[in-house]
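Given chain R, work out where chain L should sit, using these hints.
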Amino acid sequence: MSVKLGVPSKGRLMDKTFDWFGARGVGLRRVGSEREYAGAVEGIDGVELVLLSAGEIPRELAAGRIHLGVTGTDLVQEKLVQWDQKVEPLAELGFGHADLIIGVPACWVDVDTLDDLDGAAAAFRARHGFPMRIATKYHRLVRAYLHRAGVADYRLVDSQGATEGTVKNLTAEAIADITSTGETLRANHLKVLSEEPVLRSQATLFRSRIAQPDAADWNALRELCERLGTE
Amino acid sequence: MTLAANKARAAELRARFEAAGALPVDCAVLQPAEILLDLYGEDIRTRAYVTSDPVQGEVMLRPDFTVPVVQMHMSQGAEPARYTYAGEVFRRQEEHPERASEYQQVGYEVFDRTDAAESDAEVFALFSQMLEGLPLRAVTGDIGILMAAVDGLDASSARRAALMRHLWRPRRFRALLDRFSGRVPVPPSRKALLVATDPMKDAGPVIGLRGEDEIAERVAALRAEAADGPLAREQVELLETLLKVSETCQFALEQLRDIAVDMPAIVPAVERFARRCDALEARGVDVASLSFEASYGRSSMEYYDGFVFGFVAEGRPDWPPIATGGRYDALTRRLGRGAEIPAVGGVIRAGLVVDLEGGA
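Respectively, the protein sequence lines represent chains R and L.
Read left to right, the first sequence gives residues 183 to 413 (my numbering).
Read left to right, the second sequence gives residues 39 to 398 (my numbering).
Okay, chain R solo, but in the shape it has when bound:
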């Protein structure tokens, strides 16, 4: 056996993760052809690299199939019920920053707070005969957030991509999505409510509380954590 470390399999998130580990003396790299998802770990024994889609890492951690994993806080909290009992955040990696926010049309001059959103939703439902639609792929997080705020008369509609376009396309009245700079929002004539975001997310190294390491794995895990300075 060996300690399995799950890392996003492509893009900036993978490169930055490799850099972060590299700066701490743990070399991660892909091996084989450009299309093959295989990786190698250098500078430490007993650790195996598993390249996965960032969206699948929470599930693999919760199932105990990997011991460590790098993914966004947003994905962990959206996908795992009682996430804090299944994984432990070890280190925030300082990149992949993004906020999950509620966005409404910039022309809604009367809507700036959640209190406003609720008021507008009530009036919208009375006028149109159906609840205000909010497009998102973060159903659990957004629903819990709006529930806490006491917002009623809305309906979540699923949007797995190009969420900012749903308002203009008349398939939703508002959105809840991840944004880092807000540029896409502005380009689509949307604005962010002046409230705490639903969630502040960044790339984070998580440890699975479910995976059961054997004695050798424990040693490797301890050594790795020491090297990474997460103890």
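Simulated from the structure, these hints should not be mistaken for lab results.
Treat the hints loosely; a few may be bogus.
[Unchecked claim] With a cut-off of at most 27 Å between alpha-carbon atoms, the simulated DSS-like pairs for lysine-lysine come out as follows:
no., chain 1, residue 1, chain 2, residue 2
1, R, K373, R, K350
2, R, K268, R, K198
3, R, K198, R, K261
4, R, K373, L, K229
5, L, K282, R, K350
6, L, K239, L, K229
7, R, K198, R, K319
8, L, K282, R, K373
9, R, K192, R, K319
Using the frame of chain R, we list chain L on its own:
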């Protein structure tokens, strides 16, 4: 605690409701999602299992029997009617994974126009007889008194409607009350909006289904509200005193009558409560020791709009109530497409009864 034992206990309880004169009914496990979403809003998804049917679209595993039983009665039932049922209901337990997500529910529902106080008392007395001997504590309340209090506030109809809409969300209700009474500062964005000569000046292009007229309408409504000035402090304090009433029925009634002196709008509702107490006593319920909490049922029982009750296991604060019920006249109005009928009923969790009897 086995499924078979729970099912058998549920059947026994249903037989007792039948013996009390109820007609046994059943309904489909798969219910159209649309009607439940319409009633409870998006929050129902956190409590019910939603699945999809290739033809019907979104469907839910029944989270309770009340809605389908009301629909059945409204479309074909004769009056007056008493129904009973027993079967599984399904609830997602994201917050309490230790609680059952599938359990046996036994219910009793009364549709009767003759005398609301009598029907309320009939249901409660029957439930207390059936649960007699178990270590339970009964709590009652009355959402109708709260609704009358909100309706009777000296406030604009917009403010009263907003409070009424959030009667079942205590935190939001409080936030609205704080705002309407000027106890929290107005957010700067609202202040700016209220004095802007042309609020749409820098609004950019108007996109989406919510039109410019709707935006203008809400701006006008917000300005009208600001011009109303804050709610009188005495009114807010009175409402808060009312919400805090928590006593045995007899003392609660005294307190409510005291409050009604300054809040005459609640007099009819308080007198309905008094008649219910008499009817309960006549049926042998020990009203002198029965608790009444004015806020009971506000956070969990959305469709009740009058009498509410619950039976909770003593020493098991981690358990949900063993039995709950109440009056839901407004629900029959919403599901009845113009028709309506006074209705009151309740449910028992057979599995928890088995656990209690087993000394859990």
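Comparing the hints with the structure gives:
1. R:K373 x R:K350: holds (13 Å)
2. R:K268 x R:K198: holds (25 Å)
3. R:K198 x R:K261: Satisfied, since the Cα-Cα distance of roughly 23 Å is no more than 27 Å.
4. R:K373 x L:K229: Distance ~19 Å between K373 of chain R and K229 of chain L Cα, so the pair holds.
5. L:K282 x R:K350: violated (47 Å)
6. L:K239 x L:K229: Holds - the C-alpha atoms of K229 of chain L and K239 of chain L are around 16 Å apart, at most 27 Å.
7. R:K198 x R:K319: Cα-Cα ~25 Å, so holds.
8. L:K282 x R:K373: It is violated: about 41 Å lies between the C-alpha atoms, which goes past 27 Å.
9. R:K192 x R:K319: holds (21 Å)
Violated hints for the displayed structure, listed by number in ascending order: 5 and 8.
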